[in-house]
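K.L.:
The residues making up each chain are set out below.
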Amino acid sequence: MANNEVDIVKVIESKFGSKVQVQPGLLGTAAINTNGLHREVLKAMVEADAKTGITAITGLDLGANLGVIFHVHTEKGFFGLRAEVPKEKPRLQTITDIIPGALFHELEVSDLFGIMFDGNELKGHFLLSENWPEGIFPLRKDVNPAEVKLGPSPPEEKIPEDKKIVKFIIGPQHPALLEPEKFSVTVEGEVVTKVEPRIGYVHRGIEKSAETRTYVQDVYLVERVCGICNACHAHGFVGAVEKILKTDVPPRAKYLRVIALELNRLHSHLLTLGHAGLEIGYETLFQYFWRDREPIMDLIELTSGNRVYASLMTIGGVRRDLKDTDIPKIKTTLSDLKKKLPFYRKVYTDEPSIRARMQNEGVLAKEDAIKLCVVGPVARGSGYDIDVRKDDPYEAYGEIPFKEIVYKTGDTWARMNVRMDELEESINIIEYALDNMPKGPFRVDVPRYVPIGEAIHRVEAPRGELFYYVKGNGSASPERVKIRTPTYANIPAFLKTAIGENIADVPPNFVSLDPCFSCTDR
Amino acid sequence: MAVDFWLIARILIFPGFTFILLLTLFCDWIERKLEARIQNRVGPMVAGPAGLFQPLADFIKLLTKEEIEPRNAKKIVFKFAPLAAFAMMVFAMCFLPIDGGSVISTSGFPGDLVVILTFSTIASFMLFLSGWASSNPYGTISSARVLTQFLGYDIPLFILALTPAFIAGSLSIFAIASYQVTKVVPFIIMAPWAFILFLITIQAELEKDPFDVPDAESELVGGIETEYTGAKLAFLHLTRDVQIVFGAALIVELFLGGPYGPVIGGLPAFWYSLWFVLKLLAVVIVTEYVTTLFARLRIDQVLSANWKIILPLAVLSLMLTVAMITWVYPVL
Amino acid sequence: MTNTITWARVKSPWVLHFNSGACNGCDIEIVALLTPKYDVERFGIKLEPSPRHADVLLVTGCVTQQCAERLKRVYDQMPQPKFVVAIGACACSGGVFEGNYNVVGGVDKIIPVTAYIPGCPPRPEAIIDGAVKLLNALNPPKPKKQPKKAEPAKEAAKPAAEPQIVVAQPEAKPVMEAKHDGKQ
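Residue numbers (my numbering), protein chains in the order written: chain A, 1 to 522; chain B, 1001 to 1332; chain C, 2001 to 2184.
Hints are supplied without guarantee of correctness; some may be wrong.
[Said to hold, decoys possible] One-sided and incomplete, this derived list gives chain A residues near chain C with beta-carbon spacing under 7 angstroms:
hint : residue
1    : P197
2    : G200
3    : Y201
4    : S209
5    : V216
6    : E294
7    : V308
8    : F402
[As the list claims (entries may be wrong)] 20 angstroms max Cα-Cα, derived SDA-like pairs, lysine to any residue:
hint : chain 1 : residue 1 : chain 2 : residue 2
9    : A       : K194      : A       : E147
10   : A       : K149      : C       : E2069
11   : C       : K2046     : B       : P1049
12   : A       : K340      : B       : N1040
13   : A       : K243      : A       : Y432
14   : A       : K149      : C       : K2109
15   : C       : K2109     : A       : E147
Read the hints as simulated data drawn from the structure, not as lab findings.
Positions of the beta carbon are idealized from the N, C-alpha and C atoms, including for glycine.
Just chain A, with the same shape it has in the complex (with noise of 0.2 angstroms):
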């Protein structure tokens, strides 16, 4: 758990007195609420610690008020702090003048619920699409989706035949995307000058959807989130009930949930690093990334018995038990792959064409990595060293010694390093797990109607910080399920290093930041 958190709630309790009510221990560190001072609490709390952040905004359907819970982050500890609004009100007051990282966010909850935040008001539609009628607002509780009317699509915009300043579209469908997002790339001959996305098109309404299917159930969904941190996505959520469960889970059951969890991230980085190759005209390099890939994904499959979807977390534990006979074929695989590691790192460092594309490229300096609320690796590309393993060790990541590693520099070469020395790192602990690995029983067996209650749970996917939010009502479905995703956060901070670059440098760009849209749109 957060340490020291006491220093920020006792600034707040001496400031607000008791105009704020702070209960201790819930949803992090603490859930305060601010009854309507939620922008005093925060500036409170941004003057108290420089490394306050936004990680997530919540909106709650309560009945005949809409909740908002802002979830944030502070270098001391985690708080929840909570603000009602009426419905047929739904006004609140933005917060990203305080903290910019806080723009999608805001978005988000216009749009899904229909809060509208003043001085950061949405036009048309974020995350839903554009066929969408307005004034409702799906993830409410009195609206069925299967009744709603869709409208016409709107006209395509013009693009205007300005000699000068050409707006390019990097659209749906496009070879450096492997998914569909809308880049509108304004360039004035070959340097970037603005660049708007538009996201919400790999949107499948997935928080709505799990609150009509049961905890198990959900499970399964959830994971489908994304293909390449699956396994990332099934512990955020089972973390959460577990929490709201007040279960324990079997030491044995941590150390095979962290062997699945790092098999996930040295197979995530892997393919990024691959793809960065393709998106800077490096074949070669692509294929040689994904040829070394190929091996984890058979031990990803021997362990869970799927290559993509390990479905691997339950409730209570793992699904099925690591074989002893296993453990030689997987310590042999990876002492290979560890093996190729020196080349690849001489690669980067010594391949001039990389270091021509990649150095100097994309920077991102560190107090706009703060301010803007990023995680993961591009966070620690930047020098802003977060882990969650490391600031709130989950599972038995506590108990395995393991390096943090940060890169200052900023660039675009940073980041790929920061992946490059991760997997490293990764398969170290997988080694120190099997050696270390506790006997006993890998699940216990857990209730199926979940109490009132509600958790947060956070964890290190191989983009960044994964956050879950879970509501239940002692019914066997959640209330609330909130998802936040690494590059949700990292996408604002993209939007501000493209500027001023090359177009031929966006790719790259792009890529380093590790971008993976079903995550963000969910």
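Start from chain A and add chains B and C according to the hints.
P.N.:
For chains B and C alone, kept in the frame of chain A given last:
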């Protein structure tokens, strides 16, 4: 006017159009297999033995696809620029001595080196026009890059092509090629600096890695070919492939002694063609090797490499060659 | 002549990959097809960047509302003859997301589909198997010595006894099409 069947056969079959076409498709196959093997893969396997007919299958398939023309495209240019580019490249190939004589004549004429370099420039210009005519933002940006790149690199190309001409004392390709074999050693040994620079410049002219910026898939989708379908696309691809063969053939003629080599009994024309093809394949393999080993540079890096590095080095190399001719070679 | 054309079309199928709202699982397996372990370039399959160059459209994803129109537009931009392969359970019928708001569910609600490859995600071997079955259906290989070889093209007309991969009759006969002018 008597119809010279021999000339027509030479133009259409060997060493003319059919031969050039088959050689191009074969070089395309070699490139794909080599790239695949370097990347630890196998490459085309199914179309014919070891995938030999893959480029042919690609070509025939493209010929039979539906032709789509965007409403905003500039009609005439859009229709004819790919074919014009292909025709110019094949025409330029026709001046090179392949089996002892070229397609058109048996001894060439003084100055035909300049003529074929001009033709290849015009063909590249036609490629630029085809990207511009499709009036697609990706095509437009890409064609601007094509123009900047090939115009910029044409200058060192011409200068470096003059180096063998200086040594041989003639601007006729036949004279340059035969000079290397009859009088002295091939120019690759006499002027290796020019050879290396020429290789790099040809790599940039052909838009291959690390200089394949105009074809950058990750930013510009299909480049100049984005809007093309069907037969026009087939000819665009063929033009690119013939350019590669032409570039390799230039290197063979200017630096490796052309088709001339030892004749071991039998018809000299057969042996000359054989040496030509073997030398050509060697050059194609070397350029493809370089392609797979490098990433792609940015357009400003490509241009600054030209103006700051290649062009000064080309001028220096010419000066060095002239100095060698005046003072060193007469002694040897 | 027609035989040569069919042969060329079957030996050189260029694909375009379009993600219409997928979780990335199927897309990663499609990109893995190009890598050394599976290497579909053996079959002449090339991943093309532009819809105008491709013959086969590989669609993954459960078709979100936002993507539905774009999918139709990409399909229209492809020249004839063209085929659509729906890869993954989501593309076949909506998969896990069937019934969600913002999800159309199933590619065949938007464009005609030639082959379905189910799985979540389908293994690369399954995708290759589906691709090869589609190509064989277009150009049936010469019958070998076994007498009871079923013709895949005719079998697809009845409801498939083998529910794994359904290869429907391709929509265009492989003949040369008339040239279109000024059509976008």
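K.L.:
Does each hint fit the structure? Answer for all of them.
P.N.:
Hints versus structure:
1. P197: violated (13 angstroms)
2. G200: holds (5 angstroms)
3. Y201: Hint holds; A:Y201 Cβ to chain C Cβ min 5 angstroms, cut 7 angstroms.
4. S209: Holds, about 5 angstroms.
5. V216: Since chain C brings no Cβ nearer than about 14 angstroms to A:V216, farther than 7 angstroms, the hint is violated.
6. E294: At about 5 angstroms, which falls below the 7 angstroms cut-off, the nearest Cβ of chain C leaves the hint on A:E294 intact, so it holds.
7. V308: holds (5 angstroms)
8. F402: This interface hint is violated because 26 angstroms lies over the 7 angstroms limit.
9. A:K194 with A:E147: violated (39 angstroms)
10. A:K149 with C:E2069: Holds, because 17 angstroms separates the two Cα atoms, which is no more than 20 angstroms.
11. C:K2046 with B:P1049: The hint holds at about 19 angstroms.
12. A:K340 with B:N1040: holds (15 angstroms)
13. A:K243 with A:Y432: violated (26 angstroms)
14. A:K149 with C:K2109: holds (17 angstroms)
15. C:K2109 with A:E147: holds (19 angstroms)
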